[in-house]
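Can you make the complete structure from the sequences, with help from the hints?
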Amino acid sequence: MTSRRTFIQAGLAAAVSIPFAKAFGSLPPAAMPLHAVYFDQRFAAARAFGEAAVRLGGNARAMSGAVHDFWYHDLAPRWRTRPIAIAGMTDPQAVFLLEMMAADVGMRVVYRGHHLPQSSGRYAHEGFGPPHARRAVAEFDVATRNWATGAARIVAHWPLAECSIAASTGTNVGAASGRALGHQALVSWVIAPVTRVG
Amino acid sequence: MRLPKGISERSFRNALQEFGAVVGNEWVFSSDEDMALYRDAYTPFPGEPDKQYLAGAAVSPTTVEQVQQIVRIANKHRIPLYPVSTGRNLGFGGSSPTYTGSVIVDLKRMNRIVEINTREGYMILEPGINFIELHRHFKANNIPYVLQSPMPGWGSPVGNALDHGSSTVVRDNYSLVRGMEVVLPDGEVLRTGAGAVPGSKLWATYQYGYGPFINGMFSQSSLGIVTKMCFSLVPVWETQQGFTLTSYSTADMQPIIDALLLLQMQGVLDGWGIESPIRESMSTNDGRRPYGVPQVKELLRRADGGSVAEWDALGRSSNIPVVRGTGFARGPTSVVDARLAHARSVLSRLPGVAFELGRAAAGADIPAPTIEFGFLAIQEANLGHYYFAPVINPVAEEIFALNDTIRRTLLDAGDFELLDNFGWSAGRGAFFGGKVLWIQFEFLVYEDVAKNQRRRELYKKLVDVCTKRGWLLPRAPVAFQGEAMGQYSFNDDVLRRFHETVKDALDPNGILAPGKSGIWPKHLRKS
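Chains as they are written, first to last, in my numbering: chain H, 1 to 198; chain D, 1 to 527.
Check the hints yourself; a few may be wrong.
Claimed, not checked - What the simulated footprint calls covered on chain D by chain H, stretch by stretch (three residues with Cβ under 8 Å from a Cβ of chain H suffice, anywhere in the stretch; the number is not a length):
hint, stretch
1, 345-359
2, 468-477
Stated by the list, open to error - SDA-like, lysine to any residue: derived pairs with alpha carbons at most 25 Å apart:
hint, chain 1, residue 1, chain 2, residue 2
3, D, Lys139, H, Ser177
4, D, Lys460, D, Ala364
5, D, Lys51, H, Gly178
6, D, Lys451, H, Phe96
7, D, Lys139, H, His73
8, D, Lys51, D, Arg525
9, D, Lys451, H, Ser177
10, D, Lys435, D, Arg525
Keep in mind that the hints were calculated from the coordinates and are not lab data.
Since the structure is predicted, the reported quantities are computational estimates derived from the model, not experimental observations.
For glycine and all other residues, C-beta sits at the position ideal for the given N, C-alpha and C.
What follows is the structure, given as structure tokens:
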């Protein structure tokens, strides 16, 4: 018998597929395997992101800002033998550190979503990465309440095809650097092994 | 594609192709996404890309032979190279080249521990290994030596030493360097010291060899790419224990310094430091949290900086010491106990100064290096920082003069934010045998282009005023390396001219790190 959990996950998976079907016209593209999805449990939006990642089948892991321990004990030894992608929603400092260490093994940040708290308590959003991700983030506006769930959808089923570095992918992820975000800002991100095309 | 001046795109692409034939095309990087990592993450020039030093490409070798071939290809096509070990010297330039369009030689994949000899206490490393991974190796193999790491520990022992970096253990990492292996600008491989004698077993222990001692030529330099470095190791100590001396009188600072310095020179102490906690109590430099009283900022913002009597009174009323000296000894417990007993007997004679012994800590308790920054960019929406770090001799009058000079310069510029950040500082301990105080404070970088421009001018102004007083910069961010070299102007800049003569002889095509430490190859030199 199909469990309620499986049914809900299947329904969510179908819902997740829809934006990809829109983007790619047919079946969702092959998704990149994700080792873990990290979320900073100090922030309500990041907790919502983590919960959504679980519902989407992700290996969600809570953290509280510091990255050294899980990088040192889990990611570093794993990445030495086989780099594998990770995703998350954290403060800017955490992704800054992880980006540095991932670069040592040839991985890159392939997507960044900047989520900036407003005085209203809502968030403003900006996406950097390939066109499909930017379109998805553009659908969040300050009024969007369940944007953290939407952010989880973006990272949880990241297309393998969007892990290449080539002029044709149309990514603008490089434009994300050099932005002062503030320590209350959140960043959703994907760090992945990349292939080089052409 | 970002090209070095005077190099055609065709030549550049040809060179990249030839690099690819050496290291594999997957290890030659030129895309925007890749090059975003080969930059100064803390650039003083955000929003001013025309002023930033930006790499044109990067190549990542794994062997000395590949480095040699890369250098020869660069000579053939006249492509400037800029080697980085891990490229994480944040605050001093990171992995930014010193000349736009340079090809970064990323040595991170050259990350072998070549040898660790526990009997003779040395290690030989390649430049790409970082402190954290080295520490992991030490722990996993129960190597009974201390790893002196700065924080964060993602940097390279080789790169850190070459930039005259420091750590909490030795405070002068370069002093532990013995022999080196260097690829010269013509592609030849050189080994220094005893390493130049085939079959010698002293490469890692006897650094001088015979003839002119050339190790220093490759530190903070553009005369070669270091591919191996031998380090002397410090044994893990059984105990480290320290003490503090506190006083509520500014006049006690000099006697305390004199006593601590003598004790270190005598070998009683392994290190010492000096502070004025009340004056430093509201500083946010280095991620500190203010703990003092508002009057501290008021006094520091006054033209006269507050009188000695006012500071002493403020220290007493707020119960924050006016002077604090620290010292420590490490080694076998019985030896440490004896040394500190002697230190106590000497220091207790200082009138009005309270001596308090600290907690002993086992050498095995030394914190492991991590990748966390206690403070980082992205605090209060800044984009990073770069360091202003002059050194002075350990004299109270000099400490006060330097602080007053910095304070007045910031006040004259109306930069209260930077003044509040700096506050006051006597450094973080004495370096280089206890005879040098190193004051370091960070210039924060923002998105405000005009503010950043003013700050850069202020930095240059500070270099200028310090130069007039003989206070020198031993390290400088890439953006200010010309100014730093400009300080060393004795005898009509003979030092810089000497460096240029050597540069022209060793690197006639000027392909290696042009501009590093303010030394330019002939074809790029301003007349």
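* Three or more residues of the stretch 345-359 of chain D near chain H by CB distance under 8 Å? -> Since 0 is below three, the answer is violated.
* Is the straight-line distance between the alpha-carbon of D:Lys451 and that of H:Ser177 25 Å or less? -> holds (19 Å)
* Holds or violated: D:Lys460 to D:Ala364, with C-alpha atoms at most 25 Å apart -> violated (43 Å)
* Decide if the proposed pair is consistent with the structure: D:Lys435 and D:Arg525, CA atoms, cutoff 25 Å inclusive. => With a Cα-Cα distance of about 36 Å, the restraint between D:Lys435 and D:Arg525 is violated, given a limit of 25 Å.
* Take the C-alpha atoms of D:Lys51 and D:Arg525, compute the straight-line distance between them, and say whether it is at most 25 Å. => Roughly 18 Å separates the two Cα atoms, so the pair holds.
* Check whether three or more residues of the stretch 468-477 of chain D sit with their beta carbon closer than 8 Å to a beta carbon of chain H. => Check failed, 0 qualifying residues.
* Asked: Straight-line Cα separation of D:Lys139 and H:His73 no greater than 25 Å?
  -> holds (14 Å)
* To do: Would you mind confirming whether the straight-line C-alpha gap from D:Lys139 to H:Ser177 stays at or under 25 Å?
  => violated (36 Å)
* Asked: Within a Cα-Cα threshold of 25 Å, do D:Lys51 and H:Gly178 meet the stated pairing?
  -> holds (14 Å)
* **Given pair status - H:Phe96, D:Lys451, alpha carbons within 25 Å** => At roughly 24 Å apart (the allowed maximum being 25 Å), H:Phe96 and D:Lys451 satisfy the hint.
Going through the hint list in order, the structure does not satisfy hints 1, 2, 3, 4, 10.
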